[in-house]
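Peer 1: With chain P fixed as given, assemble chains D, U, H, B and A onto it according to the hints.
Chains as they are written, first to last, in this note's numbering: chain P, 18 to 131; chain D, 18 to 131; chain U, 18 to 131; chain H, 18 to 131; chain B, 18 to 131; chain A, 18 to 131.
These aren't lab readings, by the way, just hints derived from the structure by calculation.
Some clues are possibly wrong.
Repeated chains share a single entry, so a pair holds when one copy, or any two copies, can fit it.
Unchecked claim - Subject to a maximum C-alpha distance of 20 Å in a straight line, what follows is the list of computed DMTMM-like cross-link-like pairs (lysine to aspartate or glutamate):
1) LYS64 to GLU99
2) LYS42 to GLU99
3) LYS34 to GLU24
4) LYS34 to GLU99
5) LYS34 to ASP62
6) LYS34 to GLU97
Since this is a predicted model, take the numbers as computed values, not measurements.
There are 6 protein chains.
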Amino acid sequence: MSENYSEQAKAVDQRVKTLAGAAPKVMGAYGQLAGAVMTEAGSLDSKTKELMAMAISVSIRCEDCIVYHTQAAIKYGASEAEFVESLAVAVELGGGPSVVYSAKALQAFRQMVA
Amino acid sequence: MSENYSEQAKAVDQRVKTLAGAAPKVMGAYGQLAGAVMTEAGSLDSKTKELMAMAISVSIRCEDCIVYHTQAAIKYGASEAEFVESLAVAVELGGGPSVVYSAKALQAFRQMVA
Amino acid sequence: MSENYSEQAKAVDQRVKTLAGAAPKVMGAYGQLAGAVMTEAGSLDSKTKELMAMAISVSIRCEDCIVYHTQAAIKYGASEAEFVESLAVAVELGGGPSVVYSAKALQAFRQMVA
Amino acid sequence: MSENYSEQAKAVDQRVKTLAGAAPKVMGAYGQLAGAVMTEAGSLDSKTKELMAMAISVSIRCEDCIVYHTQAAIKYGASEAEFVESLAVAVELGGGPSVVYSAKALQAFRQMVA
Amino acid sequence: MSENYSEQAKAVDQRVKTLAGAAPKVMGAYGQLAGAVMTEAGSLDSKTKELMAMAISVSIRCEDCIVYHTQAAIKYGASEAEFVESLAVAVELGGGPSVVYSAKALQAFRQMVA
Amino acid sequence: MSENYSEQAKAVDQRVKTLAGAAPKVMGAYGQLAGAVMTEAGSLDSKTKELMAMAISVSIRCEDCIVYHTQAAIKYGASEAEFVESLAVAVELGGGPSVVYSAKALQAFRQMVA
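The following block holds chain P by itself, in its conformation from the complex (with noise of 0.2 Å):
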């Protein structure tokens, strides 16, 4: 097994401090907007909402972003069950593709609970 994505986490973490002093405003403003994301009325929780970023990132195919919000899922009090059940929409919604990322999605999830 050759992927670790604790560590992988850690390098977008660097990454996007790095963007965000260069790109201040920009970054300052994006920070705000997913600040909005989690607080915007409140009817759904914050464990469901990145669960539902976790599967639109395996959507679009975005390793890094499932890194991201695999582990803010699994802050928030994700279950496995649940991880794997929305896994499961991304596969509805993808087909095969989706099926290989949600494959690195369980593997990132694994990885990060234990």
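Peer 2: Here is chains D, U, H, B and A on its own, set in the frame of chain P:
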């Protein structure tokens, strides 16, 4: 206002039925897959899964998919607040393109619940 | 039924001709590329290549592309069975979004062969 | 010719305003982000940035985005030559699908400058 | 040369098996779907369908999919000429991004047939 | 820091050369297309076009494309400020996924100008 999303939902259903007649094995299997997504484990309810499917549809800019899963989310009792928060996740994950498709999705939601 | 895919095919051709008038070097080179695809090696026939192009068009949800390559596949003699099997590959590789775009493609095919 | 891109631009604006009413925090933050993009550093002018946004819109096949950013590029003084060269970059990066969406973008440009 | 595509193919298989263990209903249904694609009607042979799946994989930039369907195309007897012509269709439909992913696909093909 | 984008750029070039050897007609035509993009009309300079190509590459999440067009933008004299502003446009048009790919692009830029 030119769009009529309820009409579009019917046209989608009609076309997919025609496809199912032409490719019964593949479409039968796809139907099994879609059904399995709803029943796998069961930690997330159908409403949440359909909101997730709708948010993915916005993220990948599939208008017929938006129409289909908006209708399904309404059927499972999604409120406008829950619907809008799901759109917000798509906007965080997709920027401007998700804004314009979320705007279509909200228009579809309001037409369909009316 | 509101769609008229033969009309859409004409509108695509017309718009692309206008673009070619505005960007003759680039569009001339693109025409060379499209021509080369048909003549490179020659182990696959034109019908198969156009069915492949149509299946890709479904997979990336490009309606004008679907219309264009459906017309071309018909021109090279594709049967409905071959067309539907190409759609099936797109469904395996794309799930629900490929289902709804395949449904459009089949409608276009039937209109155009009629 | 069936498309009226100026009308479409108005419909996009209207729908996005409705979305902003439903999700004021998220859409307010998105507005801040869009504004920040225009003012970050300032080494590229607004016309160039809008042409870039339009070329991205073609590349991802987002018609409402094309309409929106074509209108903005015109507002900032983009010439047809500059517009067409931006489309050419999208064609290099996207092949046939970018050809058919570039053809739509050029039609929109000509309608809107008329 | 750093990539080892045969190793990657094994890792994909392993991860997908793990996913199938976690989501047996959904993955069982997906397996039925993939099987049905191969047997629906039967006007196109398996080799052609796998080349089509590979060309779609290039077009959507899914590396694990490329690896998977390249291996399958080889299994069904695809020659390098047929493989390269399928890549050519992807290049026509995808421009530069399909060039760089086709280049990876060809590298994978040559490693796997060796 | 594990990524070495200059090495990756060389690997891309090497693989594309191999592909060109296998598909000389198609790749020759693609080369003509890429060349024509740079010379069509000439209202936008090469640096701007390469920054545009790089922003598109981020938007479609094509890492090899990012590496290629980052190198080209540097060759045509793009400054870091111009590069970062192009990334900002991609972030407006792509949200979180464009953030993480922009972060990679900036890392590649800094490695390559060093």
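Peer 1: May I ask which of the numbered hints given earlier this structure violates, with the numbers listed in increasing order?
Peer 2: 5
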